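Work out the full structure: start from the sequences and follow the hints.
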Amino acid sequence: MIEQLLPVVPLLLLFLLGYALQRTNFFSTESLSHVKRIVSDLALPALLFQAFSAIELESRYLILVVLIFAVCLIMVILGHYIGKLLKIHSPYFALMMTGFEMGMFGYAVFVSFQGEAHLGKIALVDLGQVIFVFTVLMALLIKHRDGTAKGSDLLRRILTSPVILAILAGLATSFIAPQVPSSPIWDTLAETIDLLARLTVPLIAITIGYGIHIRKELIGKSLKTILARRVLLILFALLLNVLVVDSLLGMDKMYQVALMTMFLTPPPFIISIYMRTDEKGESDYVDNTLSLDTLISIVAVVIASALYA
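Terminal number for the sequence shown in my numbering: 309, no gaps in between.
By construction, these hints were calculated from the structure, which means they are not laboratory data. Computed from a prediction, not measured in an experiment: that's the story for all the values here. Don't take every hint at face value.
To be verified - No farther apart than 27 angstroms at their CA atoms in a straight line, the calculated lysine-lysine pairs in the DSSO-like style are these:
hint, residue 1, residue 2
1, 224, 84
2, 253, 150
3, 143, 36
4, 84, 143
5, 143, 280
Given below as structure tokens:
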């Protein structure tokens, strides 16, 4: 048991380091945003390029991509009814029931436990929800913020996103790489991308730890949101793993680990980025829930990884 938990210890220590730096105001607001931009625009795209260039994409696997997209859509719909049942009157409750923060959390945790050799597996599992987040979820967020969501604006955001460009480039590479002979130039480029990608896990862990802020008066509301999301998503993950990943597709067990890891991650952090500036109360609720869910997700992934091992 202890041996299975050891791989995540460095990650946990980096989370704690980030939190300790927060207590000393190590970063200014501006410098922290610059660090996050290095992650979002350089390091994370490099990691995603590696992940999606190593993907094993067979036509029969597309059913898993479609089903994960469908689960994300169902969670939004269920969120509207569950919010009323729990008496949480927030336009963001349903949006926080869906999607997964893979870029700034999931990949870092998965790599810490399973290693970079299995990046292609979690990339395949991630594909359906990436499409959902950058289309449906982003459209819903922009519509709530601006009153409307123009298709042209949404398309521009998608096509100029470093994350999406890295994913598309990675997918293209996965198809053409077997036909391209190795050369010193390609090897040098691969080493450069690898160096950038290796920045992702430590920088993400430190910035997440630095960004954790939990307000006691909102803990009850946040815990209700997290519990409702967690129960439903664990049920969906178990169903998909048993009925689709194992029985229908007969995929490697590591795909089950990857899927469960993703379903245990917090909601996408972009929710807080696309909020209206005049919603202070809602902003506090969303930030508090994301911070608390991040801590709970770390524990949940540790337990799940140990159980699957």
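Here is what the structure says about each hint:
1. 224 with 84: 12 angstroms, holds
2. 253 with 150: 41 angstroms, violated
3. 143 with 36: 26 angstroms, holds
4. 84 with 143: 21 angstroms, holds
5. 143 with 280: 18 angstroms, holds
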